[in-house]
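Protein chains in written order, with my numbering: chain X, 6 to 357; chain H, 6 to 357; chain W, 6 to 357; chain S, 6 to 357.
You may find that some hints are simply not true.
Copies of one chain are not kept apart here, so a pair can be met inside one copy or by any two copies together.
[To be verified] Think about it this way: if two alpha-carbon atoms lie no more than 30 Å apart in a straight line, the pair counts; the simulated DSS-like pairs of lysine-lysine are:
no., residue 1, residue 2
1, K352, K56
2, K309, K56
3, K212, K56
4, K212, K309
5, K212, K352
6, K309, K352
If you are wondering where the hints come from, they were derived from the structure by calculation, not from laboratory data. Bear in mind that the values here come from a model prediction, so they are computed numbers and not experimental data.
Number of protein chains: 4
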Amino acid sequence: MTPRIPVAVLASTGSVGQRFVQLLDRHPWFEVVALTGSERLAGQPYGQACKWVLPEAMPGWAAEMILQPSEPGLVGAARLAFSALPSEQAYSIEPLFARAGLAVCSNASAFRQAADVPLLLPEVNPEHIRLVDRQRRERGWSGCIITNPNCTSTGLTVALKALEDAFGLRRVFAVSLQALSGAGYPGVASLDVIDNVIPWINGEEEKVELEPRKMLGRLEDGQVVLAEALFSAHTNRVAVSDGHLVCASVELAQPTSPVEAEQVLSAYTAPPASRDLPSAPRPPILVRSEPDRPQPRHDRMTGKGMTTVVGRVRPDPLFHLKFAVLSHNTIRGAAGGSIYNAELLVKEGLLV
Amino acid sequence: MTPRIPVAVLASTGSVGQRFVQLLDRHPWFEVVALTGSERLAGQPYGQACKWVLPEAMPGWAAEMILQPSEPGLVGAARLAFSALPSEQAYSIEPLFARAGLAVCSNASAFRQAADVPLLLPEVNPEHIRLVDRQRRERGWSGCIITNPNCTSTGLTVALKALEDAFGLRRVFAVSLQALSGAGYPGVASLDVIDNVIPWINGEEEKVELEPRKMLGRLEDGQVVLAEALFSAHTNRVAVSDGHLVCASVELAQPTSPVEAEQVLSAYTAPPASRDLPSAPRPPILVRSEPDRPQPRHDRMTGKGMTTVVGRVRPDPLFHLKFAVLSHNTIRGAAGGSIYNAELLVKEGLLV
Amino acid sequence: MTPRIPVAVLASTGSVGQRFVQLLDRHPWFEVVALTGSERLAGQPYGQACKWVLPEAMPGWAAEMILQPSEPGLVGAARLAFSALPSEQAYSIEPLFARAGLAVCSNASAFRQAADVPLLLPEVNPEHIRLVDRQRRERGWSGCIITNPNCTSTGLTVALKALEDAFGLRRVFAVSLQALSGAGYPGVASLDVIDNVIPWINGEEEKVELEPRKMLGRLEDGQVVLAEALFSAHTNRVAVSDGHLVCASVELAQPTSPVEAEQVLSAYTAPPASRDLPSAPRPPILVRSEPDRPQPRHDRMTGKGMTTVVGRVRPDPLFHLKFAVLSHNTIRGAAGGSIYNAELLVKEGLLV
Amino acid sequence: MTPRIPVAVLASTGSVGQRFVQLLDRHPWFEVVALTGSERLAGQPYGQACKWVLPEAMPGWAAEMILQPSEPGLVGAARLAFSALPSEQAYSIEPLFARAGLAVCSNASAFRQAADVPLLLPEVNPEHIRLVDRQRRERGWSGCIITNPNCTSTGLTVALKALEDAFGLRRVFAVSLQALSGAGYPGVASLDVIDNVIPWINGEEEKVELEPRKMLGRLEDGQVVLAEALFSAHTNRVAVSDGHLVCASVELAQPTSPVEAEQVLSAYTAPPASRDLPSAPRPPILVRSEPDRPQPRHDRMTGKGMTTVVGRVRPDPLFHLKFAVLSHNTIRGAAGGSIYNAELLVKEGLLV
């Protein structure tokens, strides 16, 4: 049996950090050797420093690990770092780790739009990972930074990829109903969401209008050419713990029927490079036929929280199709997505 | 002081029926003389027959009124009937009242699309009330039926009317986040909405795609010509007690800026016929400038629940404008709307 | 490998019925051969007849089983019937099954207080199962009826049993904060619990004041002598999906310290008869040391939903101890409890 | 018309501070001339500095007032200061105002248990206000500090006072289900209360076990002799915006029936000194007869949020009576209570 790869989780005490810890528990390839957190909390056992907000219990090994500051010299033998850093910190800290030779698999938005940084959904655009070659060459890093998209773009982009491949994609309207955990912890105040909806999430619409275009884009000469499809997004916060729902209307290059679209979505398979990785969603897309699904509470854990669930595929009076798409925002849309990216990196032989 | 007009409330024990009772308490023009309900409950005092679900207390006069079956001969001197009947019952019962000489101001969808029945928002299309002349002529009724739109179309249509007048309207995407009270009582099961969203409301999307087109249409030769604007709707149920929020993207005939659109929305006034009626919203439209408004809990009671609240007016990457619009679904979108319609009917001299 | 015992689930489409189906999926001893439901739904496949409300998916075998009416002749080879019947139906239907030779493991309250019917929590009073002998003798049944307590009494009684054994129990104040699923589906209307609490559950307080006394009572000469401890209960419904929380204050015969009480609770083991059954909670009681636990969302699934979770053990200014106790109401408190009872019945050789 | 008394609100931007601003809008006796807040926010208009969390709109005059630091020299002509300061700040800041000659009507817990500081509910113990004489004499202040109890003790104590007067009070069990606004803003994280209950509120149980005893105590020789009744409290946080519900069981000196207790509660009137003040609750106590009331959403605004609502009065198997009591925590239990106290102070001629 091969020894597992030592990894660190940066900013491990927040809600995404906790998902990393949970999903890396007994991971077949990775073994957590370091957990980092803010200066203020460093030095304490993780079990004490961290207000655990997940319904399932904290793994025992994590509870006893001493929290470190987020510095490359303090993560022991880790060769790979999962980052749940806030974006403003990610800008300065992630490059330190990459320069020190670690592969940073980041959930932060800081480098998502950098020309030499892959923005990855392995079941959508695994080939973009080759941007790492350019990144290392140009930045002189032995490590690297690879990123996953914002949680609202995630499920939407997986569904759109299947449609794009089959029918071509022109325009997309997307309105989200997003879960509380997407705002971290403590995040949204309870008085703001009880008997209420907040029709705004800072910076989110811009991300949903841009990130899918990079992921659906072609890699040409070490450069990602944005997909031509255009997006319009409205983003809302609702009183749901986990699971982002997106209502989408799409205009296709080649019209199709809801039935055919459902077949295409159901039949979608990840490219060979990412299909059999440990975290690969099984299936990548599940199409539900009930009139009132997907629903966050019922469908978010489909495929261990990694599957994109689509439902209500129907004709759109203005464009071609309407549908609803659900994705678990802190699993597929955050920690699980970064881990899936890391698996791809390892499989492609890019972990130095 | 003129004596008030005697009125009845049909199906008065449900959640919309209760709003009628509440809003007609001390109404300057109308006096409730009869409350009707199901056969099963008839004969009991309203205070006993009705499980009151509004936070404010039931008016004392209502509590003591004996509930009647929904029959024209049993509503005493009532000349006007407010109907909160379910649509399937409204089909058969409302015509009985109209034939018996009562003006039926209905919240049901049964007759909204009939060619000779006005679908009214007094601040939008008061002139459509003249369909009553044709209705009486063709059906031989001395009474009549007038209707208000479904609660989700209401606020949206008010906002669109202002934009249509100023810039012309071509296409509208509308995604709703709708309140629980829209489903009546007991309505939505608590287990269905706790930590959840339901991305479907039976029959609702069809209404939102059609009703605004009738209300924005022109009355020509006793006929409503549907507005040419086309609509696409997604409707969702969320854990909010009252207040429907709609995220809208609109394509205009003549592009404009968000600032100019806000000015047009803020400056919108109802036509003279409906401007000064007792239930006229003051103002018809309120534009909020905060980035995160309107919100149901904070804004639904604007203008006593009759004002349409718009916010987040911003450019749309695919069409021209994006915005959010909020309307109180059981006040402006149901009981309050029917009462406003009744006031218009009286003012236009159409109450026989 | 021994063939599994064929069983039926009566009233399988409700929220407790669904838990039976879920928990019996791959049960080592039992195999579901029949699912029953109302006349109206009978004849349809379960997957169609049943609005599944659990977050996890319905087992495939259940989806395809044809729903039967609740009659002894229509449950095939079933030797044991799990009953989720409403109490008023249980009164008449359960005896039909018992007379027909089936062991009825009932979640209904109908027979809980009958002198010859065991009211069982296997980790508390497994010896009470011998009432079945008397029941069969007196009623002439080849089958039998055994019952589990109401969901609010369940966790409370487990905790009290540990304290009773060690210190003697005199008086108990118990105030519950109960989950929505305890009221079945559709159950509580969403408008009744959004931004609200309902300080009343019909008939519940009487059960909480009586049922623990029977379970903590001694079996003497085929008769249960009620425990002398007296109870006062207040029961409330709160906006929680699953997990009943009870705040308890207890007066003991022999005072103790919170630390010692915690030790006794933690060390509690089920009697040998029930200790190693497949559904035996592991551990029976978990004591949490955080100041703010147990919490329904975090602790209800402890021990697969079968463990009683106790926390906040502290001195009581009037009695001796205060604590909070949490139990999963549809697992330990309903379906899981009935299954645990059935396992005890089989182990004791009482299944004919 | 007498000019109104100029007042300040200290810590006016929090959730209790906002209630002060709202309730003082158009108050017949008081006029707000200064609003204070943290150093960080001082200098901004209140409308900008304050994230308003109440459903109703902020008064216009408040929006334009410039926020001041909480210093006696910066509140203009204010003769009275309403304090919503956190307790740790109240310790040091409130005495500065009292020394500077202002009457501080405080919602903080800092001085509630000081021997020379009145802890007041005007409908319960208005005579305790004479402690101000001793306070001024001993501390050499020209101003003073008077306090209102914690929000959970408030409604409970009002109900208990009526029972104490009629029957004598020995022991009280009290279990609270408390609203989110009691924790301020942002206060409780939404992820902590969605589908959940928190069975702990820091320091709250101690207050509920002590404060009612001071308020129900007798003033003798400038000293409050604690009432002999003993209390046991469990406090819980639930997903309710406003309105604390308390389940109480009481042991009386002289047993009574629920019917008689209801009569006594309904007939309770405030002492003459406080009966006709502008904020006096009308009625002080409302007894509801429905089996499932009081409920926070339906009953919290009874008597403009100042009335204590009692329901479910019934026999208690251990003590004598059980009942549920509801009080609006940020109106009667906080800002409204402080204002009522201030009115008493003015009426008693104690405002210098």
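TODO: Give me the numbers of the hints this structure contradicts, sorted from smallest to largest.
DONE: 1
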